[in-house]
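Student: Take each chain as given, in its own frame, and dock them per the hints.
Residue numbers (our numbering), protein chains in the order written: chain A, -14 to 210; chain B, 636 to 1490.
Everything labelled a hint here was simulated from the structure, so no lab data went into it.
Honestly, I wouldn't trust all of these hints.
Pairwise CB distance ranges, derived in the manner of DEER restraints [stated by the list, open to error]:
#1 B/E824 - A/Y73: 50 to 56 Å
#2 A/S111 - B/I1019: 53 to 59 Å
#3 A/Y73 - B/E1093: 46 to 52 Å
#4 A/R25 - B/V709: 51 to 57 Å
#5 A/D63 - B/N773: 33 to 39 Å
#6 A/A131 - B/A786: 19 to 25 Å
Yeah, the Cβ is synthetic: ideal placement off N, Cα and C, and Gly gets one too.
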Amino acid sequence: MEQNKLNYKRLQIGPVWLRTVIEIVLIITAIVVCSYLTIRSYENTFYEATKDSAIESTQQLSHCVIGAVDTNLLDIEDPSRMEYAKSYYTDLLNDSFTEGSILNSCAIYTVSQSDAVLFAATDGHSALNQKQIADMIASGQTGQPASFDYDEVYYTYTPIFRDGETAPCAMLVVSSQYMNSFDYNSVVMERLTTIAIVSGVMIIVYYGISGAVSAYKKRKAVSVG
Amino acid sequence: MKKANILTVSLRIAIIAALFVGAFYINSALTGIAGTILACVLIAAAAAIVVNLAVWGFKWLKNERVSELGLHIVRFAIILSAVALSIFVMLSKDYTKQHSLTNETELCQVVLAGEVYMQNHIGEATTFSSSELNSLHNDLKGLLIANESNAERISNLYMFHDVTDTAINTPPYYPLEGSDNILAASSNESVSEWLSADVINEVSRSGEVRTTTRTIAGSKYLTAFAPVYSTSGMAVGVLEICAPQPAAISVFGFATLELMLTVAALLILFSCAFYGVIQFIDIALRPKRYDPTRILPCGRESIRPVSFFISAATVIQLPVLLLSPASEAVTAQLSLPLGLAALIPFIVYLLGANLGLVLGRFPKNTLKVLPIAGGLTFAVVCMILKTAKLSAFAGAAAPYIDLALILFTALGHGVAFRVASRYQLHSDAQYGRDKYAYLSPAFGAIAGIIFGALIFDELSFTANNIIFILLTAVAAAVCFTMLRDIEFTADDGMNGKNPLVTFRGALMVVIAVGAACCFEWVYISLHLAANGISATAISCCAVAPIAAFCFGNRLSLKTRNSQRLALFISGLLTAGAFVVMAVSQSLNMTVVSCALITLSVIFLSSAIYSVLQPAEINRCLRILRVLGYIAVILSFIMAVNLTGSFYFYIAAAVAAAFALIFILFSRFPRRIDDIELIPALAAHEDDDIPVVANEDAFILASVSDEPETGYAEEPVAEIEEEPVFAVYEDEVEEVVIIDTPEDTTEEAEEEIVEEITEEETEQDDSSCEDPSAEDSTEDDTSSEESSDESSEAVPNEGDTDLSEEDSWMPMPNYEDSAEAEESAAQDTAEETEQETESEPSSDTDESGEESVIAL
Chain A
-14 MEQNKLNYKR
-4 LQIGPVWLRT
6 VIEIVLIITA
16 IVVCSYLTIR
26 SYENTFYEAT
36 KDSAIESTQQ
46 LSHCVIGAVD
56 TNLLDIEDPS
66 RMEYAKSYYT
76 DLLNDSFTEG
86 SILNSCAIYT
96 VSQSDAVLFA
106 ATDGHSALNQ
116 KQIADMIASG
126 QTGQPASFDY
136 DEVYYTYTPI
146 FRDGETAPCA
156 MLVVSSQYMN
166 SFDYNSVVME
176 RLTTIAIVSG
186 VMIIVYYGIS
196 GAVSAYKKRK
206 AVSVG
Chain B
636 MKKANILTVS
646 LRIAIIAALF
656 VGAFYINSAL
666 TGIAGTILAC
676 VLIAAAAAIV
686 VNLAVWGFKW
696 LKNERVSELG
706 LHIVRFAIIL
716 SAVALSIFVM
726 LSKDYTKQHS
736 LTNETELCQV
746 VLAGEVYMQN
756 HIGEATTFSS
766 SELNSLHNDL
776 KGLLIANESN
786 AERISNLYMF
796 HDVTDTAINT
806 PPYYPLEGSD
816 NILAASSNES
826 VSEWLSADVI
836 NEVSRSGEVR
846 TTTRTIAGSK
856 YLTAFAPVYS
866 TSGMAVGVLE
876 ICAPQPAAIS
886 VFGFATLELM
896 LTVAALLILF
906 SCAFYGVIQF
916 IDIALRPKRY
926 DPTRILPCGR
936 ESIRPVSFFI
946 SAATVIQLPV
956 LLLSPASEAV
966 TAQLSLPLGL
976 AALIPFIVYL
986 LGANLGLVLG
996 RFPKNTLKVL
1006 PIAGGLTFAV
1016 VCMILKTAKL
1026 SAFAGAAAPY
1036 IDLALILFTA
1046 LGHGVAFRVA
1056 SRYQLHSDAQ
1066 YGRDKYAYLS
1076 PAFGAIAGII
1086 FGALIFDELS
1096 FTANNIIFIL
1106 LTAVAAAVCF
1116 TMLRDIEFTA
1126 DDGMNGKNPL
1136 VTFRGALMVV
1146 IAVGAACCFE
1156 WVYISLHLAA
1166 NGISATAISC
1176 CAVAPIAAFC
1186 FGNRLSLKTR
1196 NSQRLALFIS
1206 GLLTAGAFVV
1216 MAVSQSLNMT
1226 VVSCALITLS
1236 VIFLSSAIYS
1246 VLQPAEINRC
1256 LRILRVLGYI
1266 AVILSFIMAV
1276 NLTGSFYFYI
1286 AAAVAAAFAL
1296 IFILFSRFPR
1306 RIDDIELIPA
1316 LAAHEDDDIP
1326 VVANEDAFIL
1336 ASVSDEPETG
1346 YAEEPVAEIE
1356 EEPVFAVYED
1366 EVEEVVIIDT
1376 PEDTTEEAEE
1386 EIVEEITEEE
1396 TEQDDSSCED
1406 PSAEDSTEDD
1416 TSSEESSDES
1426 SEAVPNEGDT
1436 DLSEEDSWMP
1446 MPNYEDSAEA
1456 EESAAQDTAE
1466 ETEQETESEP
1476 SSDTDESGEE
1486 SVIAL
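Chain B extracted, bound-state conformation (with noise of 0.2 Å):
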C-alpha cells in the first residue's frame, strides 16, 4: 500500500462534493426524466468515488497500523452511520410527506381568506373596466404580506369575460388558453402558466376549495384555489396561491443542512465516546492489584481514558459559559457592549485553566493522584455552588462570585490536565512513549464540544450545570482509580524519581488547530448561532478541525515540493474561507467557509508534521497557542457586530495571502539534527540523575551557536531517521538525556500472536524485554521498518510482552522490501552509533505538546 497522499484524498473529496452539488442543482434546474437520470447518474459516481475512498481509509488504516480497538471504533462509526443514515431517510419521508400535509392545509386556509379579501374588495361590483381591473391586479399583488412563507408563494386571479370589459386582454391580463371567456393575471408578472379553463369553470361552479400540484417555471408547486364571488353572490372569477412543493424525500429540502449537521455530530459523539469507554473498560477489567512480581500492574495506556475524561469534563461546559448570568450584570454595571461582556466568562476562564496549569507543575518531582482529585473535587464543589446560585443573595457582588466561581472550576480543570500530563510525560518516559496519547485528549475535547452542545440545547440551565458536575465527578473518580496504578509504578521504578519530558498531547491538537480555526469556532459560531442553528449542529462544524488535525498528522508528505505546495494549499484555503464569507454570509456560505477551513487544517496538518522536527512544532505550536488566544478574543470582539464584518473578512482573507506569500518565499525550517547539541546533555546523559522535563527544552535543543541552515538539499527521509530527543530540566545543570524507549506494541491485529507468545510470557514472567529491539521502532518509517527486521529476526521476551495486547502502538509493515532492507541497514548503523557514542535517540512523534485543555 502506497503512502497516504493528501493532494489524491483532498481531490476525490472535492470530486465527491462537486459530484454531490451538481446533482442537486441538476434535480432542481432539469425537470422530468433526463434530469432525474443525469442527477443519478452523478450521485452514483460520487458513491463509488466514496466507496474508493473507504477501501482506500481502511487499506490506510491497516498500513496505518491502527490498533484492533481503532478499527473496532471505525466499524462501530460505520454501524452507527448506517442506523442514521436510514433514521434520517425515514424521518426525512415521513416529514416531509407531514410537512406537505400542514403545507396544503395552511394554503387551503389561506386561499380561502383570500377569497374574502378579494371579495371584500371586488365589493358588489358585477362589471369592471379597465382602470378597476388593474387596481384589482394591485390587490392581488397586495394579498400575500411580506414575509418568509409568502416569499416564494405566487397568486392568481382568473377572472371570467362576463363581468370584465371584454376589450381587456394586455398585460396584466392575459386570454387563457384553450378558453375564450377567462383572463388570467399573477402577481408574479413572469408566471405564463396558468390553470385549465376547465379546473377553474369547475372549482366555480362546486365553489369549494380544492389543491393540486402543478409545474410552474420549472418548479414544483402545490396550489390552492377557491371561488371568488362578488359581495353579491356573483362568480368574478377563480383565486388561485401557489407555494413550492417540498420534494419527496427532503434530503436537500426542508431544514436538511442543520439536520445533516446534527446527526453528522451525534455519530462523532458516540464513536468518540465509545473510544473513552472502551478505553475505560478495557483498564478496568485488568487485575487491580499491584503485583511486584509482575514488571508493571498496569499498562501506560492508563492515561488515556484519564485525558480523554478531564478533556471531555473540561470542554462540556464551555458552551453554557454564554449562558453566564454574570455576562449581563456586568455588562449593566460597567455598561461594556453585550459582545464583549459575553467574552468575560471565557476570559476569566482562559485565567483560571493556566494559572491551574501553573500551579499543576508544582511539586515537579514527584508524582501524586491527589492533585488530579483535587482539582477535580475543586472544581465540582465550584460548580455546585455555581450552581445553586449561592451568588444570587450576594447583591451587586453576584455577577463577580460568578466568575469567581468560574475562575476557580478553571483552576481546578488546570491542575488535573496538567497532574495528569505529568503523569503521561512520566509513563511516556519510562516505557516509551504512546504515540497515539493525544487522541484521548482529542477524542475528548470532540465528545465534550458536541455533548456540551448537545445538552446546552436540550436541557435547561441548571441541568446542565448537573451533568458538567457529574462529569467532572465521573472524571475524578476514573483518575483516582486509573491513575493508582502508575503511581506505584512510578515510585517503584524510579525510586520517586521522575523523568519526565514533555507531554505533548491535547495541546498540540487545540492549540495548532486553535489559531486556524478560532475564526471558525468563535466567529462563524456565533454566526451560525445567530441564523437559529442549533448548537449540536454548530459543534459537528466546531470540532471538524479537530478531527481533520488527527488526520492530518497521519499523513507524510516526503518531497520538498509536496510540503510547500501542502502549506500553500492551506494559505489558499484559508484565505479562501474568509473570501467566501465576504462575498456572501449566507447559511450555505457559512459551512462552505467551515469545510474550506477544515480542508486547510488538513493540508496544515500533514504539512507541518512532515516539515518541521518536534522541537519546531513544539515552538511553533507554543506561538499559536498565544496567537490562538488572541484570535479567539478579536474574533468574539468583531463578532459584536455581526452583519458590519465585512471588512474583518477581507482582512483577514489578506493576511492568509500574506501567510501564503510568505509560505512560498521562506525557507523552511532547519533540521533538529543539524544542531549540535547542548554539551550539558552530554555530559550528563550517563548521570544517574533523575530528569524533570518540560517543553523548553524543546526550544532549547533546537537554539545553537551554528549558522542556521536550511535543509534543502537533505532528504526528509533522513530528518526522521535520526530523531532527537533531548530534555532536561529547566536548570541547565540537571539535564539528562532520555532515550525513550520504542513501542512495538502496535501489533495492530495481534490475537494470534498473543496467542503464540503468551508461552514465552508465562515461561519468564518477570524476564525484561529488550530495550534495543524497542528503539528499534521509531515513528519514522524507517526505524519502524528496521524494529520489524530486527523483532522478527530476533524474537525476545520484550517482543512478546509488547506485542500482547497494545493495539495502538504502530506495527512495522511496509511492501517495498528493498526500503525496508535499506532502512535497516541504516538503523543498524544509527544503533552501532548510538552504542558507540552513547547518543540517545529519541521519540519523535508528532503527538507531543503538552496538553493545556481543549479550550
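This is chain A alone, in the form it adopts within the complex (with noise of 0.2 Å):
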C-alpha cells in the first residue's frame, strides 16, 4: 500500500521575525494577563477572607459590647435625663470602637412593633435606611442576631430584652466595612515596575539562549558539511 502514500511535504512558514514578534507578543501578553490575574485572584481572596472575618467581627463585638446595654436607661422619659443617658452611651460607644475607625461602627436603636428609632451611635455610624430597618425589625422578631451584607458593608443585629419580655425594646447595630482594608494602587507602579524588569530580563535570557542555540548549531552543521 505503498503506493497510496503521499509525499509529505510540509511548506515554508513565512519569516522568521514575523514569527518571532508574535512569540514576543505572545508572552509579554501571557505575562501581563497572567500578571492581572494572580492580583485578581489574591484580592479576591483577600477580599473574600476579609468578607469573612467581617461578618465574625461584627458577632464577636455585638457579644462584647451588648452586656453594657442597660434597658432602664432606654425607658426615661425625663428629656434632660434622656439626652443624659444617650450622652452616656454615645461616650460609652465610642469609647468601645477604636477612635477614627471607618471598619467598625456601633449603634443603638430602641424599636417599637414595626419602628426603630436611634438612640445612641458612635461617631462613624451612618443612619439605617428603611430596608435596614426593616431588616433590623424582622430579625429584632426571631430573638436571635442576624447579619447582613449591604454593599461592602456587613451589619449584625442583636436583639436587647427587658427582663421576662420576648419582644426586643432595643437592638444593638455594629457594622463592620471590609472592602476598605488594602490600597494597592499606593504600591501598584512600583511592583509593575518589578514585574516589568524581570519580564525584559527574561525575554532577553529566552531569545539571548534561543539564540546562541541556534548559531552553535549552524556552525556546527556547516563543520559537519
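Tutor: Structure below.
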C-alpha cells in the first residue's frame, strides 16, 4: 500500500522574524494577563478573607458590647435625663470602638412594632435606611442575632430584651466594612516596575539562549557539512 | 542519555515533596535560628533536586526529539513561571503585611470591646473573693465567641493583687513572674507564658490599647492589651487577646494553597494556549493557495489547531453546565435530589456529544469541511438561543427547552469533532501518522477546562455564554480556513477515496485518564468547591491527570518487571488516594489525594503504553470509556452527600486494591504480532480499494482463532520492532492494510538542515520523497534507529523535505551505537521481509484512539 501514501512536504512558514515578533507579543501578553489575573486572584482571596472576618468581627463585637446596655436607661421619659443617657451611651460606644475607625461602627436603636429610633451611636455610624430598619425589625422578631450584607458592609443586629419579655425593646447594631482594608494602588507602580524588569530580563535571556543555540547549531552543521 | 525512568523520576519528585513538607513543618515546629537553618538546608536540598530534575527534563525533551515548538513552549512556561513566582512572592509579602495590619486593627477593636465586656462583668467591685475570681475566669473564657477567627485566639487577664484576695494563687490564677502583686489567668489553661509585669503596669498607667508580638508555646502571636476598670473607675487589671501572626512571607500561609493552585492553573493555561495559537499562526503564515505544482499545499499539522480549538470550545462550557437553570427547575418539577438534578445537564451533554459523534461518521467516504462548520455553527446558534434565554418564555417547558439546547449544542460539537478526527485519519493515512496529534486536543482540553473555570469564577452567566459562543465561532472559522487545504489534498491525492484509519487522539487521553480520574474530576472537585475553593484552583487539579497522562506515555518501561511494578504502583497509589480521603476529608488531604491520583496516572499511562499493543490499548480504552461514564455518574450521585461518603472511599479503596491484586496475578496481554491476521486483510492489500476504517479494526485485528499465548518470554523491544497496523472497513470485504508512512519530519532542531536541504528542494520541487525512508522510522526505538541509519546513509528528497519544518515528529537520536546497529540490522530484515511478502508495516504509536470530546 505504499503507493497509496503521498509524499509529505511541509511548506515554509512565513518570515522567521514575523513569528518571533508574534512570540514576543504572546509572551508579553501572557505575562500581563497572568500578572493581572494573579493580582485579581489575590485580591479576591483577600476580599473573601476580610469578608468572612467582618461577619465574625461584628458578631464578636456585639457579644462584647451588648452586656453594657442597661434597658432601664432606655425607658427614661424625662428629656434632660434622656439626653444624658444618650450622651452616656454615645461616649460608651465611642470608647468601645477604635477612635477614627472606619472599619466598625455601632448603634443602639429602640424599637417598637414596626419602627426603630436611633438612641445612641458611634461617631462613624450612618443612619440606617428603610430596608436596613426593616431587616433589623424582622431579625429582632426572631429573637436571635442576625447578620446582613449591604454593599460591602456587614451589619449584625442583636436584640436587647427587658427581663421577662420576649419582644426586644432595642437593637444593637454593629457594622464592619470589609473592602477598605487594602489600597493596592499606592504600591502598584512599584510592583509593575518590578514585574516589567523581571519580564524584560527573562525575555532577553530567553531569546539570547535561543539565538546562541541556533548559532551553535549552524556552526556545527557547517563544520559537519 | 538514558531512557526516561519513571521510577527514578517519581522517587525524586517524592523526595522533593518530602523535603518541602519537612521544611514547612520544621519551620513551624522549631523556632529560632536552628529551625530556620534546618528549613533552609532542606529547601536548598529540594531546590538542588528540582534543578537536577529540570536538567534531566531538558535532556529528556531533547532525547525525545520534542520539536522546536515544544521547546519554545517549555521555555515559555519557564518564563511565565519565573514571572509568576516573583509576583507570587511579591504579592504574598504585600498581602501578608496588609493582613497583619488588618488583624492588628481588628484585634485592637476586639480587646477594646473586650474591656467593656469585662467591665460589665466586674461591675463596681473593688475586691474579689476566690469564687468571684473563678466566676470572672469563666467570663474571660466566654469573652471570645466560637467562630473561625477566634479559633486560635487566646484571652488572658492580669489582675492586681490589691483587688484580690492575696491568698488566691492557685489555678486558674498564677502569680506573675517578677511581680508580687499580679495574678494571671488565661482562657487557654495550657498557656504559661505571660506578659511582663512592667508592660502590665505601664498599660494600666497609660490607659491605652497597645499591641506587641510575643511567642506562646513556640508560636508567634500578635497580642493586643487594654486596661480593665471597674464601673467605678478603679484599675482592676489588664486584658490581653492574642492572635496567631501570619508568617513574614506567607508562602505557606494566608490562603496559599488556593493561590498556588490558581497560579499553576494560569501557567498551564497560557502554555497550552501558546501551543494552540502558535500552531495556528504557523499554519496561517503558510501560502494559502492550493498549488498543484507542489506536492502538498498544506501540511498535515493543519488539523492540530482545529483539534485544539474544537477541544477547547467543547470543554470550556462544561463548568457552566452546573449553572444550568434547567437543574433547579427539573428538581422542582420532578422532585429529584439536588445532586442528581445537577447531573442532568451533564448527562444530556454526554448524550448529545455521543450522538454527534455517531452522526459525524456519515458520509463515510467523503471528507468535507461543511459538517464541521455546520456542526459548530449549529452549536453557536443553540448557545445563542440558550444565552438569550428564549426558553424563559416557554413556561413550564423552559427547563426542557434548556436541556434540548444543551443537547443540540453538544451534538454540534460531537459532529465537528468526529469530522475533524476523520480529517486527521485521512491525513495520517496519506502522509504518515502525526504521532503528536493527540497533544492538540489534550492541550485544548486543558486550556478549555482552566479557561472555563477562570471565566466561571470571574464573569457572569451571560458573559460566560458570550465567551463560549465566541470561542466556538472562532473554532468554526479556524476549521473552515484550515481544513480547506486538507480537503483539497484529500480530493487530489485519493480521488475522493479516503483511506481513513483510526484516529486515536483526544479520546485516548480523555478516556484512559477518565476512568482513573473521574473520581477526582467529579467527586474531589465538588468536595473542593464545597470548601470554597475557586473553580480556577480546582481546574488545576482537574487537568493534572491529563498532563500526567501525556507525560507518562512518553516514558518507556522495557522490562516486564518494571511494567508490572508500574501497574502495581499505579493501583497502590489509587487505593492510597481513596484511603487518604477516608482518613480525613480536610482540604490538604484532598489535594494530597489529587496528587496521588495524578502520580497514579503517570504510572498507569507509562505502563499501558509499554505493555500493550495499539489494538489492545484501543480495546482497553473503549472499555474504559464506558466505565468512565458510569463512574462519573456514580461519583455525582455519591457526591450528593459529601459528608456521608466514608463508605464510598473505603469501597473505592478496596476496589483499587482488588485491581492491584488482579495486576499481580494476571497474565500480560498477548502480542499483537503473535496474532494471525485475518486472511481478508492480505487478500486485499494490493487492491486499489478505497479504505475507510474505524477503530473496530483494531479489535478485530487483535482477535484470532489462535490460542492466546502470553509473551512473557519475548522481550518488549521485539514487540515494538514489528508493529502491525491493520485497518479495514466495517465490512470485511473492503479491508485493506495501509502502510502508514513513517514520519521523519521530527527533526527537532533542524534549522540548519533546512538550509542545507532547501537547495536540494529547490532543485526538484516536485520530486517525491523515498517512502522507504519514511517507513524506516517507526515510533519504536529500534525502527527510529534504523530509519536514522538509512536516512543518513542515503539522503533523498523525502528526507530533505521532511526535515524542513515539521518539528513535532521524532528525530532519530541514540547514543548506544551498538543498539543502533542492531536495530538497523533488524529493520533491514524487516524491510526485506515486507518487500518480499508485501506485509504491511504500520504505525503503532500510542497517540491513537478516536477523539470524542474531552468530556
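Student: Enumerate the violated hints, using their earlier numbering and listing them in ascending order.
Tutor: 1, 2, 4
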